[in-house]
Amino acid sequence: MKITYPHMGTLAMVAEQLIEEMGQESVTPHRPTRQTLALGARYSPEFACIPFKICLGTYLEGLDRGADTIVSGGGYGPCRAGLYGEIHRGILNDLGYDPEIIFLWPPLKKPVDFIKKVNLLKGPSSWFDLVGIIRRAWAKLSALDELELLAQDIRPRELRKGETSRAFNRGTAYLDRARALSEIAEAREAALQELRKVDLDEEADPLKVGIIGEIYVQLEPFANIYVEETLGEMGVRVRRSIYLTSYTKHDVLSTKGDLRSKKLAQPYLPQLIGGHGQNSVGDVIRYARMGYDGVVQLAPFTCIPEIVAKSLMPHLSREYNIPVLTLFIDEQTGRTGAETRLEAFVDLMEQRREKMSSVEKLPAESRLSYSSAL
Amino acid sequence: MIVGIPQTLSFYSYYPLWKTFLEGLGVEVVLSRPTNREILEWGIRDTVTDACIPIKILHGHVIDLKDRVDRLFIPRMVSVDGRATFCPKFLGLPDMVRFSGAKLPPVIDSRVQATRFRSGIIPFFRDIVRQLQVKPKFNWLVSAYQACQQQRNYQQLLLTGLPPLQAMRYLETDPQVRADAAGLAEPAGGNPGSKLKVALLGYPYVLYDPFISSNLYQRLKDMGVDLVTPEQVPPRQMRRLSRVLPQNFFWHYSNRVSWSSLYYLEKPGRVDGVIHVTAFACGPDAMVDKFVELEAKKKKVPFLTLTMDEHTGEGGIQTRLEAFVDMLRTKKEREEKGAG
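Sequence lines, in order, name chains A and B.
First residue of the first sequence? That's 576 in the numbering used here, and the numbers climb one at a time after it.
First residue of the second sequence? That's 14 in the numbering used here, and the numbers climb one at a time after it.
If you're looking for bench data, these hints aren't it; they were derived computationally from the structure.
Since the structure is predicted, the reported quantities are computational estimates derived from the model, not experimental observations.
C-beta: ideal position from N, C-alpha, C; glycine also.
It is possible that some hints are incorrect.
[Unchecked claim] Calculated cross-link-like contacts (lysine to aspartate or glutamate; reagent style EDC-like; alpha-carbon spacing at most 16 Å):
#1 K312(B) x E675(A)
#2 K310(B) x E675(A)
#3 K577(A) x E675(A)
[What the hints assert, rightly or not] Derived Cβ-Cβ restraints for the label pairs, each shown as a range:
#4 D322(B) x I690(A): 44 to 50 Å
#5 K208(B) x K685(A): 43 to 49 Å
#6 M236(B) x K685(A): 46 to 52 Å
#7 E335(B) x E906(A): 31 to 37 Å
#8 G95(B) x R745(A): 36 to 42 Å
#9 Y801(A) x E185(B): 58 to 64 Å
#10 Q146(B) x R606(A): 54 to 60 Å
#11 K310(B) x E721(A): 37 to 43 Å
#12 A779(A) x G95(B): 54 to 60 Å
#13 K691(A) x R283(B): 51 to 57 Å
#14 Y183(B) x I690(A): 41 to 47 Å
#15 G737(A) x F224(B): 49 to 55 Å
#16 E906(A) x K208(B): 55 to 61 Å
#17 E675(A) x I15(B): 26 to 32 Å
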């Protein structure tokens with residue numbers, strides 16, 4: 576089997592390892608480009624969300640490079656992502672391709688189906704081998720997450736712009752080559768060392784921003800027009816609401832999802848609406864309570880759950896006194912346009928912080944009226 | 014106590030049920046006006062820009078009702094068959110309305126979540142009684158029973174091909190008038206072989222709303238086309254077709270559209286063409302539309318998608334419909350000549 580799959584942030588690297596260690600050939604997708612998106616958008620329904628279009632583009636590129644199997648995954652409703660498999664199959668067949676499409680459902684919801692599909696994928700390797708393969712993949716995934724977290728911490732304080740991103744890329748390259756557990760541990764150490772070498776402005780006190788929203792646009796930098804990097808270089812320390820390891824624990828290996836966020840969302844949205852809609856509502860509250868300076872909601876254009884979440888944002892923003900910027904992303908979204916909006920948002924947060932700190936010097940009663948005016 | 018029901022979305026499928034039940038409890042039921050330009054403008058003003066047209070229109074209807082009623086009736090439609098849910102926007106609808114910013118009367122957001130329609134409807138009714146805080150005249154179970162009866166009559170009327178608004182009017186007229194009307198029903202005229210039959214697929218709140226669809230239904234009738242819609246597919250056929258696809262959609266209304274497309278395309282000659290009507294920025298329809306398109310392409314049946322948005326021009330729709338119908342006529346004539 577020559578397997579291709581969607582490119583979602585650092586996951587592609589781990590998927591490549593998984594597939595190759597199971598004895599299959601991996602047609603590793605490259606980071607999506609404008610061409611990938613244009614190719615996908617040409618054959619996708621107009622109002623399909625951007626992950627659908629990017630994935631289709633990635634598949635088409637992979638198929639042209641000789642892939643014969645596509646592996647992907649999605650939830651089981653009511654978000655549209657669960658239907659990608661069937662609709663992609665329809666479109667690809669219509670274009671004259673006939674790949675095998677293996678679409679993984681959450682293992683706990685469709686256990687039998689999942690085991691069948693894994694059995695198909697694991698090929699010649701035994702179930703016992705699989706344990707080792709998964710352990711190594713997990714080690715790499717954790718190392719990558721650690722690297723991302725550290726990069727997010729130091730990027731706003733770097734003295735020379737872009738240095739963190741370069742160090743991060745070097746670090747992921749080390750990890751990409753590592754396969755055995757000892758190699759992964761070594762590569763992780765080397766990669767973290769690369770990041771620690773970056774010169775920092777020790778005095779800086781960066782703004783803190785939480786990134787929330789739909790998983791694909793959060794995790795794939797191309798899909799979110801590099802929002803994480805852009806914000807970081809503007810001097811903002813970002814945190815995402817989704818990291819691959821936590822996502823695997825909460826949503827793949829459990830049916831409950833991130834309970835903290837869901838609990839917080841209850842008074843506002845007491846209903847599971849699919850995707851990360853309910854999480855987005857809860858996450859805003861969570862970040863507000865943790866004292867963040869702002870929240871950026873990322874969502875693909877026409878994403879149904881995020882639209883519902885967005886309609887609650889003005890209310891939440893007022894009630895919890897936290898600025899929220901929503902970016903709906905489609906194939907027309909340009910990097911410059913988004914940068915301008917982010918810059919304005921960062922300015923707003925800076926002014927807000929100054930006002931807040933001056934408010935704290937005022938006597939208590941006037942502070943009250945002032946902060947409600949904010 | 015006056016309860017307001019927006020005249021859109023699930024209104025088209027369940028209004029007789031709600032109305033009979035609420036009136037049985039002794040509350041007055043008020044409908045919003047039919048969708049018009051003003052309601053649309055209100056809706057656009059009050060909704061997030063990314064929402065689809067039906068949701069914007071719903072907000073308009075809410076604004077239309079808010080000063081006239083004591084309670085707004087916006088049930089949370091989750092599921093009526095235990096498998097498919099409604100579109101996520103239906104699931105979050107009461108919350109979207111409640112936090113839309115306008116000053117609104119309290120919202121009755123009872124949840125419909127049933128494995129089978131009848132069994133799940135009882136908790137739904139009980140919740141309405143609780144939220145309304147009214148002392149019903151009789152036991153509310155009586156009105157629940159009446160409501161279900163009325164709903165069944167309504168669904169049977171829909172199956173005969175009566176559009177929802179006419180079916181509701183028919184249910185409300187007294188039996189004598191109804192008997193007279195039945196006698197006057199026009200006999201199926203003309204040569205049935207040569208009349209075009211088109212499957213008009215889409216969600217009831219788009220198809221039958223004369224404003225959003227710019228009166229599509231009537232326009233096609235006026236062109237002398239026989240129309241069939243998802244409402245005319247017998248329930249048993251729907252159930253059969255629900256087991257055909259490798260994977261169904263996750264959403265109730267989308268499933269109805271995809272199954273009815275399968276039904277109408279199943280046998281050659283059942284319909285001469287398929288029109289899929291969709292609302293601008295409708296999420297599920299991005300998938301459904303592709304599905305119906307590929308299905309029609311496989312069966313070599315002409316297919317047309319019409320997307321309705323805030324400023325669909327009537328002229329544009331008329332031209333496209335005429336072109337499509339003309340094309341179908343030419344095709345049919347050629348085929349009949351070829352056969353003869």
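Mind listing which of the numbered hints don't hold for this structure, in increasing order?
Failing hints, ascending: 1, 2, 8, 11, 13, 14, 16 and 17.
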